[in-house]
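S.K.: Single-letter residue listing:
There are 2 protein chains.
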Amino acid sequence: MQKVKPALLRGFDQEYLPHEQLQFNALIDIARRNFELFGFLPIETPSAERTEVLTSKGGVEKEIYALSRLAAAGDDEASAKGALRFDLTVPLARYVAMRERDLAFPFRRYQIQRVWRGETPQANRGRFREFYQCDIDIINRDHLSYLAEAEIPSVIHSVFSEMAIGEFRIRINNRKLLKGILQGFSVPEARASTVLRALDKIEREDPAAVQQNLQREGLSDAAAQELYRLIATRRTTRETLDALQRFEQRNEIFDQGLEELTRIVAAIGEFGVPDSAFCVDLGVVRGLDYYTGTIYETTLVGAPEVGSICSGGRYDDLASYFTETRLPGVGLSIGLTRLFSRLKEAGLLRPVPRTPAEALVTTMDSRYQPHYLALARALRNAGINTEVYLETAKLKQQLSYADRKGFRVALIAGETEVARNTVQVKNLATKTAADHPVADVVAAVRAILATH
Amino acid sequence: MQKVKPALLRGFDQEYLPHEQLQFNALIDIARRNFELFGFLPIETPSAERTEVLTSKGGVEKEIYALSRLAAAGDDEASAKGALRFDLTVPLARYVAMRERDLAFPFRRYQIQRVWRGETPQANRGRFREFYQCDIDIINRDHLSYLAEAEIPSVIHSVFSEMAIGEFRIRINNRKLLKGILQGFSVPEARASTVLRALDKIEREDPAAVQQNLQREGLSDAAAQELYRLIATRRTTRETLDALQRFEQRNEIFDQGLEELTRIVAAIGEFGVPDSAFCVDLGVVRGLDYYTGTIYETTLVGAPEVGSICSGGRYDDLASYFTETRLPGVGLSIGLTRLFSRLKEAGLLRPVPRTPAEALVTTMDSRYQPHYLALARALRNAGINTEVYLETAKLKQQLSYADRKGFRVALIAGETEVARNTVQVKNLATKTAADHPVADVVAAVRAILATH
Numbered sequence: 325m326q327k328v329k330p331a332l333l334r335g336f337d338q339e340y341l342p343h344e345q346l347q348f349n350a351l352i353d354i355a356r357r358n359f360e361l362f363g364f365l366p367i368e369t370p371s372a373e374r375t376e377v378l379t380s381k382g383g384v385e386k387e388i389y390a391l392s393r394l395a396a397a398g399d400d401e402a403s404a405k406g407a408l409r410f411d412l413t414v415p416l417a418r419y420v421a422m423r424e425r426d427l428a429f430p431f432r433r434y435q436i437q438r439v440w441r442g443e444t445p446q447a448n449r450g451r452f453r454e455f456y457q458c459d460i461d462i463i464n465r466d467h468l469s470y471l472a473e474a475e476i477p478s479v480i481h482s483v484f485s486e487m488a489i490g491e492f493r494i495r496i497n498n499r500k501l502l503k504g505i506l507q508g509f510s511v512p513e514a515r516a517s518t519v520l521r522a523l524d525k526i527e528r529e530d531p532a533a534v535q536q537n538l539q540r541e542g543l544s545d546a547a548a549q550e551l552y553r554l555i556a557t558r559r560t561t562r563e564t565l566d567a568l569q570r571f572e573q574r575n576e577i578f579d580q581g582l583e584e585l586t587r588i589v590a591a592i593g594e595f596g597v598p599d600s601a602f603c604v605d606l607g608v609v610r611g612l613d614y615y616t617g618t619i620y621e622t623t624l625v626g627a628p629e630v631g632s633i634c635s636g637g638r639y640d641d642l643a644s645y646f647t648e649t650r651l652p653g654v655g656l657s658i659g660l661t662r663l664f665s666r667l668k669e670a671g672l673l674r675p676v677p678r679t680p681a682e683a684l685v686t687t688m689d690s691r692y693q694p695h696y697l698a699l700a701r702a703l704r705n706a707g708i709n710t711e712v713y714l715e716t717a718k719l720k721q722q723l724s725y726a727d728r729k730g731f732r733v734a735l736i737a738g739e740t741e742v743a744r745n746t747v748q749v750k751n752l753a754t755k756t757a758a759d760h761p762v763a764d765v766v767a768a769v770r771a772i773l774a775t776h
Numbered sequence: 325m326q327k328v329k330p331a332l333l334r335g336f337d338q339e340y341l342p343h344e345q346l347q348f349n350a351l352i353d354i355a356r357r358n359f360e361l362f363g364f365l366p367i368e369t370p371s372a373e374r375t376e377v378l379t380s381k382g383g384v385e386k387e388i389y390a391l392s393r394l395a396a397a398g399d400d401e402a403s404a405k406g407a408l409r410f411d412l413t414v415p416l417a418r419y420v421a422m423r424e425r426d427l428a429f430p431f432r433r434y435q436i437q438r439v440w441r442g443e444t445p446q447a448n449r450g451r452f453r454e455f456y457q458c459d460i461d462i463i464n465r466d467h468l469s470y471l472a473e474a475e476i477p478s479v480i481h482s483v484f485s486e487m488a489i490g491e492f493r494i495r496i497n498n499r500k501l502l503k504g505i506l507q508g509f510s511v512p513e514a515r516a517s518t519v520l521r522a523l524d525k526i527e528r529e530d531p532a533a534v535q536q537n538l539q540r541e542g543l544s545d546a547a548a549q550e551l552y553r554l555i556a557t558r559r560t561t562r563e564t565l566d567a568l569q570r571f572e573q574r575n576e577i578f579d580q581g582l583e584e585l586t587r588i589v590a591a592i593g594e595f596g597v598p599d600s601a602f603c604v605d606l607g608v609v610r611g612l613d614y615y616t617g618t619i620y621e622t623t624l625v626g627a628p629e630v631g632s633i634c635s636g637g638r639y640d641d642l643a644s645y646f647t648e649t650r651l652p653g654v655g656l657s658i659g660l661t662r663l664f665s666r667l668k669e670a671g672l673l674r675p676v677p678r679t680p681a682e683a684l685v686t687t688m689d690s691r692y693q694p695h696y697l698a699l700a701r702a703l704r705n706a707g708i709n710t711e712v713y714l715e716t717a718k719l720k721q722q723l724s725y726a727d728r729k730g731f732r733v734a735l736i737a738g739e740t741e742v743a744r745n746t747v748q749v750k751n752l753a754t755k756t757a758a759d760h761p762v763a764d765v766v767a768a769v770r771a772i773l774a775t776h
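Chains as they are written, first to last, in my numbering: chain A, 325 to 776; chain B, 325 to 776.
Hint data in this document are derived by calculation from the structure and do not stem from the laboratory. Any given hint could be a false lead.
Which copy is meant is left open, so a pair is good if it fits within one copy or across any two.
Claimed, not checked - Below 25 Å or equal to it, Euclidean Cα-Cα: the simulated DSS-like pairs (lysine-lysine) are:
hint: 1; residue 1: 329; residue 2: 405
hint: 2; residue 1: 381; residue 2: 327
hint: 3; residue 1: 668; residue 2: 381
hint: 4; residue 1: 405; residue 2: 327
hint: 5; residue 1: 386; residue 2: 405
hint: 6; residue 1: 329; residue 2: 718
hint: 7; residue 1: 329; residue 2: 386
hint: 8; residue 1: 386; residue 2: 720
hint: 9; residue 1: 405; residue 2: 525
hint: 10; residue 1: 525; residue 2: 503
hint: 11; residue 1: 381; residue 2: 718
hint: 12; residue 1: 381; residue 2: 405
hint: 13; residue 1: 381; residue 2: 503
hint: 14; residue 1: 381; residue 2: 329
hint: 15; residue 1: 327; residue 2: 386
hint: 16; residue 1: 405; residue 2: 718
hint: 17; residue 1: 668; residue 2: 386
hint: 18; residue 1: 381; residue 2: 720
hint: 19; residue 1: 718; residue 2: 755
hint: 20; residue 1: 755; residue 2: 720
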């Protein structure tokens, strides 16, 4: 038969072997558990939305995947007007606008799903066309306390601490403050976003290039240097706040931003985030105009080359395209596929058991099948993940399967053991074995599993 | 501002409120836990595959959603050659063929992901264009023991028992047996699948219509009646096996099928599935030619109108389109979105807590913010899901939020309590409250949560 080559689409290629999938699922479980620990509720939204919903906020059309039938079909709304979501924020806005009456506000939601973006895939930078996002948002009607902005870092701190990905730093800044700084440097409103984009490259480009870009936007040589120095100098949070207090071109929006930032820095501490885990960093810019208050990025202290592993910020109105209700919020997104791929590369993934099946019941003789199956049932009833080797094979082959799949215990019973009503319990890590009466097998297996 | 209507695409509309999402997630968690209890390993595959991969086995092209960019873009393989998967079996075949060297066989995998099918949506029959499938398969190289066919019902029994969806029955049949029966009735090979399709309608159509269809396929009046009676008569498993033993037009494939079925029925019992939970049902036909041995369907005893809630079977070669390696297997799929929608309709969903956040720390006075936050941290450190009410609002409003979101405990502390270093702990179910020293709050909350 003519074979089809079993291959994946470029950018749709983050597919794991089972032991890697277990590691990935462990990260998702940690995120879920911690989000729920802070009272966030889960939602999922459909993969495809109406095109007009997706583009309402101005999504980049050439990066959006539209749907169409492979062969002509009758009436199909999805095919005519549907496309895959490119983030979880637009679907959230649509969701809240649709279901406003059924939700309790402040609405705290988490959402862990795949998104699709027609960008150029770059595996070495962790950029793919299909990837998981892992989002939390707190949304209220009309008003949202600054405390919500201070709480977000504590949730993230809780998640990343449990993921054990090494030392990380949550870097925060404030959009009003940035706006005030630009005003202080007399950057016209119309040029603000280009200037911010130039500043966003501080970590990747050399100082001269950034300053040249600033001058191209109309800043004098001296102003470009001064602005660069203000934003790029590495300081402690305390030093940064002091430097801002000394800023000479202060203005109303600057003062408002500085006041917010100072208050939020104090509250983040009260929320239990240690000083070592967060800092104010004026170089955190976030491209989106969407943000209006605190903005966040998080980097790994030991692996800054990985870039920001989660980011987000405060916004004034989530769903203005869909509803008259004003819905201020704050949110944050972990690019989980990207994080996983970079952690794997950097060797920072915490090992998990290679299989969820802890015990393998080997089978030596088909006459004893009921015996093997009863043993497996007893282990499963005790909550021990147990597989029975169902094929006919030499014991050696069964044990090599057990090793390959990562089992921790093998149970062996042939004629002698069955006659004595015992089972040989083999610790596959230490390669030691001992016979136990059938009635004691669960306890014996538990004892081995407890030694990790 | 001109508003966009917040609405969903037809068939892409199984979106839940948070408390429903929690119920849905509870079902997924049960499936995961039980699959792992039996040694199945998780995999996920990309949503989009190469079109030639998806259609290799002959997928229905007009039901497949292809991808294309919303606006013209440069080179994009996904857009030119990619489409969304319509099941989890074709991706599994591609996965195993691609990664054969890295997998340990027998390969037991589970996969819980969304699939997309351009069918006509019928909410009242639980048919949608986007839905979750929840699959398990056991695949080996060259040979697969019949015991794998007998084990599958025990896994399903374990899953559905824990889901507590009421009494269910796993109905099994055998494709060789069906083939032998048709041979016994001299149905030519070329007509076998049409005859099977006619028999597949036994439960939905009246006897006369089914028999007419059989006659249209060339069976005599008497033969159509006899075939109908053999297949459609309700019997116990024992009675069915006896009736088959008495079948007069026996032939080689019939005998082989009957032998397999008899052996597998015996083994299913040994795997611990009670007699009440499974039966042989000759009316289980499964349209796909793909199956070659045992076939399965499962129905709810109290709600037969829901139809089959999971189905599958034994096949001889998983990935013949992709590899020369012969990969026999057996698998089964739960249509989870459909199951959930039908269970919801039938009132069979087990209630889960409406929120994962168990305790709400109310906030009466911003001066005590550090106090409230410390309380929340203590509760979270004890593993209790805890939310702090961060907005400024009257206590009454905070308690009404707590009720609406489904919290079980509220913690209240104003000037008096803070001065005394106590907290009022309120049981929101019983509407009773008591003051406790701060040091005892965790224990007091635990006591309330334990009374369910």
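S.K.: Hint by hint, note whether the structure agrees.
M.R.: For each hint, the structure was consulted:
1. Taking identical chains as interchangeable, the C-alpha atoms of residue 329 and residue 405 lie at most 25 Å apart only when they sit on different chains, with a minimum of 14 Å there against 32 Å within one chain.
2. Within a single copy, residue 381 and residue 327 get their C-alpha atoms only as close as 45 Å, which misses the 25 Å cut-off; across copies the closest is 11 Å, which meets it.
3. For a Cα distance limit of 25 Å, the shortest separation of residue 668 from residue 381 qualifies neither inside one copy, at 34 Å, nor across copies, at 34 Å.
4. In the homo-oligomer, the alpha carbons of residue 405 and residue 327 lie at most 25 Å apart only across protomers (17 Å), although the nearest pairing inside one protomer, at 35 Å, exceeds that limit.
5. Taking identical chains as interchangeable, the C-alpha atoms of residue 386 and residue 405 lie at most 25 Å apart whether they share a chain (15 Å) or sit on different chains (17 Å).
6. With identical chains, the CA atoms of residue 329 and residue 718 are never at most 25 Å apart, being 34 Å at best within one copy and 65 Å at best between copies.
7. Proximity of residue 329 to residue 386 under the C-alpha cut-off of 25 Å is restricted to the inter-copy arrangement: shortest distance 23 Å between copies versus 29 Å within a copy.
8. Taking the shortest alpha-carbon separations for residue 386 and residue 720, neither the intra-copy value of 56 Å nor the inter-copy value of 50 Å comes in at or below 25 Å.
9. For the identical chains of this complex, residue 405 and residue 525 are neighbours neither inside a copy (37 Å) nor across copies (35 Å), given an alpha-carbon limit of 25 Å.
10. Taking CA atoms no more than 25 Å apart as the test, residue 525 paired with residue 503 passes inside one copy only; the shortest distance there is 17 Å, against 69 Å between copies.
11. For a Cα distance limit of 25 Å, the shortest separation of residue 381 from residue 718 qualifies neither inside one copy, at 63 Å, nor across copies, at 35 Å.
12. In this homomeric assembly, residue 381 and residue 405 come within 25 Å of each other (Cα to Cα) only inside a single copy, at 17 Å, whereas the closest approach across copies is 29 Å.
13. For a Cα distance limit of 25 Å, the shortest separation of residue 381 from residue 503 inside one copy, 22 Å, qualifies, whereas the shortest one across copies, 58 Å, does not.
14. For a Cα distance limit of 25 Å, the shortest separation of residue 381 from residue 329 across copies, 13 Å, qualifies, whereas the shortest one inside one copy, 40 Å, does not.
15. Taking the closest pair of Cα atoms, residue 327 and residue 386 come within 25 Å of each other only across two copies (23 Å); inside a single copy the shortest separation is 34 Å, beyond that limit.
16. For a Cα distance limit of 25 Å, the shortest separation of residue 405 from residue 718 qualifies neither inside one copy, at 58 Å, nor across copies, at 45 Å.
17. In this homomeric assembly, residue 668 and residue 386 never come within 25 Å of each other (Cα to Cα): the closest approach is 31 Å inside a single copy and 39 Å across copies.
18. For a Cα distance limit of 25 Å, the shortest separation of residue 381 from residue 720 qualifies neither inside one copy, at 61 Å, nor across copies, at 37 Å.
19. With identical chains, the CA atoms of residue 718 and residue 755 are at most 25 Å apart within one copy only, with a shortest distance of 18 Å there and 64 Å across copies.
20. In this assembly of identical chains, the alpha carbons of residue 755 and residue 720 lie at most 25 Å apart only when taken from the same copy (13 Å versus 63 Å across copies).
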